[in-house]
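Quick mapping for you: the protein sequence lines, in order, are chains A and L.
In terms of numbering that gives the first Met the number 0, the first sequence has 30 at position 31, counting the first letter as 1, and numbering is strictly consecutive.
In terms of numbering that gives the first Met the number 0, the second sequence has 176 at position 177, counting the first letter as 1, and numbering is strictly consecutive.
One or more of the hints may lead you astray.
Claimed, not checked - If you only want the chain L side, here are some residues facing chain A, beta carbon under 10 Å, derived:
hint, residue
1, 8
2, 9
3, 12
4, 14
5, 33
6, 35
7, 55
8, 57
9, 59
10, 81
11, 102
12, 105
13, 159
14, 160
15, 238
Hints are computed from structural coordinates only; laboratory data are not their basis.
For each residue, glycine too, the CB sits at the ideal point set by N, CA and C.
If you want the building blocks of each chain, they are given just below.
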Amino acid sequence: MASASEADADISQAYLPDFCAAGTVLVILLVAELVAIVLTLTSHTTPGLFLTELATLSMYVLWLALLGTALLCRIRPWVENRGKTQAFVISFFLLVSLCLILAELTFQLSSYFDALSLINDSHAGFVLRSLAISTIVIAMAMRYMYVSSEWRRSIVLEAQARVSALQALIRPHFLFNSMNTIASLTRSDPRRAEEAVEDLADLLRANLGGPKDRTTLKEELEVAAIYQRIEKLRLGERLNVRWNVQDLPMRALIPSLTIQPLLENAIYHGIELLPDGGEVTVNGKRSGEQLQIDISNPVAAGGQRKRDGNKMALANIRQRFELAYGNRASVTVDESASHYQVQLQFPLDESLP
Amino acid sequence: MNILIVDDEAPARSRLRQIIEDMAEHAVVGEADNGRTALEMAAKLSPDVVLLDIRMPGLNGIETAHHLNAGTHSPAIVFTTAYDEYAIEAFDAQAIGYVLKPVRRERLAQALRQAARLSANVLGEIARKAGLPEQRKHLCARTHGELKLIPIKDVYSFHADQKYVRVQHKGGQDLINDSLKTLEQDFADTFVRIHRSVLIAVRQIESLKKTSDGQVQVKLRNDDSGDGLIISRRHVANVRRRIKEG
């Protein structure tokens with residue numbers, strides 16, 4: 000993934016796989032070879048000649064598959080723009096036509112080189128048989144690609160929905176409390192009120208930008224710092240945050256809205272319920288190509304635990320980490336009677352300068 | 000009216016003070032930043048109305064309200080809250096004075112007119128809807144005008160004397176105003192009645208034993224007096240069941 004926006008477009012808009020990619024070509028060749036094996040197994044009659052028959056058929060099928068893939072590779076950008084249904088219908092008919100043409104060509108070539116024994120069928124019989132088999136195989140492949148693209152799309156949509164849900168979740172309490180703080184400061188300390196309004200606006204802008212797949216650590220930490228400033232106005236001396244993040248590469252990418260919600264949880268469930276407040280620590284570590292961020296906070300002894308909101312934010316972050324990194328990332332919670340810690344581990348991906 | 004402001008956040012307190020000071024008919028007599036201080040100040044200043052934040056560390060607003068109610072001169076209460084969707088539902092249903100943050104002048108004036116004493120049931124419902132523990136975590140004892148908060152987890156047993164209930168706890172014993180019946184209802188999950196006039200903490204039970212005259216005695220873990228408490232016949236089965244359940 001070169002950059003966040005590119006990856007985003009790739010997932011949410013593509014219906015067809017990238018036929019120009021080596022991985023896709025390999026899979027298609029494997030499937031084609033399997034089809035060739037199945038066809039040989041069912042048709043072969045002469046004992047001892049299985050491999051010879053397979054070789055002949057493989058050559059035919061693999062050429063078909065390769066040329067079909069090359070065709071799709073070239074036309075994909077064009078058909079993608081025509082919408083999902085059209086993309087599949089057009090691709091399907093183009094492939095079937097290609098197979099028809101190639102079947103005809105093969106027959107003509109065989110007869111030209113006097114090798115019709117390889118085909119062992121009448122002209123019409125061979126072409127029709129090829130057409131029928133390729134139609135069925137192509138239809139099945141198309142159906143598979145359609146379903147898997149639907150599946151990928153639903154995952155992306157779900158993740159986006161969850162980001163929005165998370166945004167809705169963090170808003171009300173914090174917003175109203177901040178407004179109240181600002182209303183109070185307008186009289187007692189207009190200058191700080193002004194700063195608070197600016198901070199709040201920045202924070203809202205970062206959130207209203209819509210769910211971004213990933214953002215740079217620098218931006219994510221800035222959002223969290225703004226959040227901290229606003230909360231500091233409200234909680235005063237009770238809130239301290241220690242940032243040990245100088246080891247982290249600031250250009251590294253991280254799913255957006257992860258550190259700020261975790262900081263919010265630490266404050267809401269931890270610091271706010273401690274009569275004397277406490278300190279949230281954010282520790283960042285880099286070991287090779289792996290990044291680690293720990294966010295920990297003290298909790299009130301036998302405190303009032305209303306963890307539902309917390310769990311929702313965590314589940315959301317977990318899901319988005321999984322979506323972005325698969326099993327190369329982890330989100331773990333460490334909880335004791337007096338402390339609560341969330342640990343994020345994810346691979347280093349840097350944004351382009 | 001004389002008003003006491005209780006909120007753990009300084010800007011929230013000053014906002015309320017600013018608005019009230021603009022109103023000729025009301026005066027702020029004090030500010031507290033936690034429930035405990037609030038109770039002490041209420042006892043000393045006897046405010047007419049207490050403006051109470053719900054979400055506070057230590058003693059939360061709901062529990063503070065419970066204890067304010069228990070006092071002899073109990074003030075009317077107006078809750079202030081930023082956004083407790085469900086608590087607001089409870090307020091509306093019960094027509095209780097409450098103000099939403101950010102606080103509006105007219106809304107506060109209206110809430111002050113609505114201020115009223117709140118029953119335990121109402122407080123329980125608000126706590127439940129706001130996602131706070133419904134149960135009190137402390138008892139409030141007043142001796143010689145001094146206020147003492149006793150954590151429920153430190154309590155060994157309650158004994159009804161003529162007019163008061165005596166609490167045996169880690170720090171000694173005190174008299175409280177609550178009735179044994181209310182205490183039994185409020186703490187049904189951790190306390191069990193062993194006698195018409197006695198409730199004990201289930202987790203404090205060390206052993207049961209039969210006396211020579213056929214009565215059942217219970218020995219409490221932290222009771223050094225040596226003589227156990229008698230369990231009256233009709234409560235024995237229930238006490239045994241509760242011990243089994245843990």
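Hint-by-hint comparison with the structure:
1. 8: 5 Å, holds
2. 9: Since the shortest Cβ distance to chain A is 6 Å, the answer is holds.
3. 12: The hint holds - residue 12 of chain L has a Cβ within 10 Å of chain A, the shortest such distance being about 8 Å.
4. 14: Holds: closest Cβ of chain A sits about 4 Å from residue 14 of chain L, inside 10 Å.
5. 33: Hint holds; residue 33 of chain L Cβ to chain A Cβ min 6 Å, cut 10 Å.
6. 35: Where the cut-off is 10 Å and the nearest Cβ of chain A is about 9 Å from residue 35 of chain L, the hint holds.
7. 55: 8 Å, holds
8. 57: For residue 57 of chain L, the interface hint holds, since the closest Cβ of chain A sits about 5 Å away, which is under 10 Å.
9. 59: 7 Å, holds
10. 81: Result: holds, 4 Å to nearest chain A Cβ.
11. 102: Check passed: Cβ of residue 102 of chain L comes within 6 Å of chain A, closer than 10 Å.
12. 105: 14 Å, violated
13. 159: Given a least distance of 28 Å, the restraint on residue 159 of chain L is violated.
14. 160: Constraint on residue 160 of chain L not satisfied, violated at 30 Å.
15. 238: 26 Å, violated
Violated hints, listed in ascending order, are 12, 13, 14, 15; each of the other numbered hints is respected by the structure.
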